[in-house]
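S.K.: Sequence:
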Amino acid sequence: MNVTTSDGASLAISVRGPSDGTTVVLSHGWAAGRSVWDSVSPQLVAAGLRVVTYDQRGHGESTVGVSPIGVARFAMDLGDVLGAVGAQDAVVVGHSGGGFAALCHAITDPSRIGGLVLLATAAHEQNTPRGEVRLMGNPVFSFALRRGPLGRKMISSTVGPGISAGALEAHRALFAGTDRKVRAACFGCTAGMDLRPGLASVSVPAVVLHGDADTVIKAELGRVVADTLPKADFEEISGVGHMVPLEAPERVVRSVLELATR
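Everything in the sequence shown is counted per full-length UniProt numbering, starting at 1 for the first residue and increasing by one.
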């Protein structure tokens, strides 16, 4: 299905699983897409949950809309998705930039959220250097990403040493497949972001998972999120890098099931 946002973006949504199951909404990070959850979704559906995945604006099959790309806009998009699928007390899973959106939405409009699973994300200190933002939009960089072996080597520092070849290639394909202008806008939109003042108002239970080999967002920033949320548990996963949905899908599933059964 598709939902049209207030600024005209069309968000592509997939819904799987029984209609009477607890709704789980999976929000992917920058330069990824719905398929990043392909090792997570089937396990949740098999457990009887109703699983919703969607492409963030400008990613995959979703269009950009007219509003500037930003965390608040992504949070509004999440709200549109929750409303479109009629979610109540949903478990929202946010990875990286999808976690920024999940936290922002939980602060501003928590009415449809019953729990949060936050993966390799943060609430502050996401000031990507200008040179790196420019690199994300560089056409030569984008060309190199599309070359399989070279692209995998370029992004290998973002994952842990134990990632499978298939998962690394999935990461590369998603990263390379994101429009370079969207990629740059996403990485540039978090300058000055600080969601910490609003976290104390988020009363739903939460689980924060972070890989100890994450070089993109430091694990201590994930711990700050868990320490600031009133009802959050934190777990650091050994040997896992930034791409937790691809590197540790079973741990993600376990956290979702723990919240869904509360």
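Do not rely on the hints blindly, as some may be mistaken.
To be verified - So the derived label-pair ranges between C-beta atoms look like this:
1) R134 - R254: 37 to 43 Å
2) P139 - D233: 20 to 26 Å
3) D7 - K153: 18 to 24 Å
As the list claims (entries may be wrong) - Calculated cross-link-like contacts (lysine-lysine; reagent style DSSO-like; alpha-carbon spacing at most 30 Å):
4) K231 - K218
5) K231 - K181
6) K218 - K153
7) K153 - K181
If you're looking for bench data, these hints aren't it; they were derived computationally from the structure. Note that the structure is predicted; figures quoted are calculated from it, not measured. Cβ coordinates follow ideal geometry from the N, Cα and C atoms, glycine included.
S.K.: Taking the hints in turn, state whether each one holds.
M.R.: Evaluated hints:
1. The supplied range of 37 to 43 Å is met by R134 and R254, whose beta-carbon atoms lie about 39 Å from each other.
2. Between P139 and D233 the beta carbon distance is about 43 Å. The supplied range of 20 to 26 Å is therefore violated.
3. A hinted range of 18 to 24 Å for the beta carbons of D7 and K153 is inconsistent with their spacing of about 38 Å.
4. About 21 Å separates the Cα atoms of K231 and K218, which keeps this hinted pair within 30 Å; it holds.
5. Taking the CA atoms of K231 and K181, the gap is about 37 Å. The hint is violated against a cut of 30 Å.
6. A C-alpha spacing of about 21 Å is found between K218 and K153, which places the hinted pair at or below 30 Å, so the restraint holds.
7. The hinted pair formed by K153 and K181 meets the criterion: a straight-line CA distance of about 22 Å does not exceed 30 Å.
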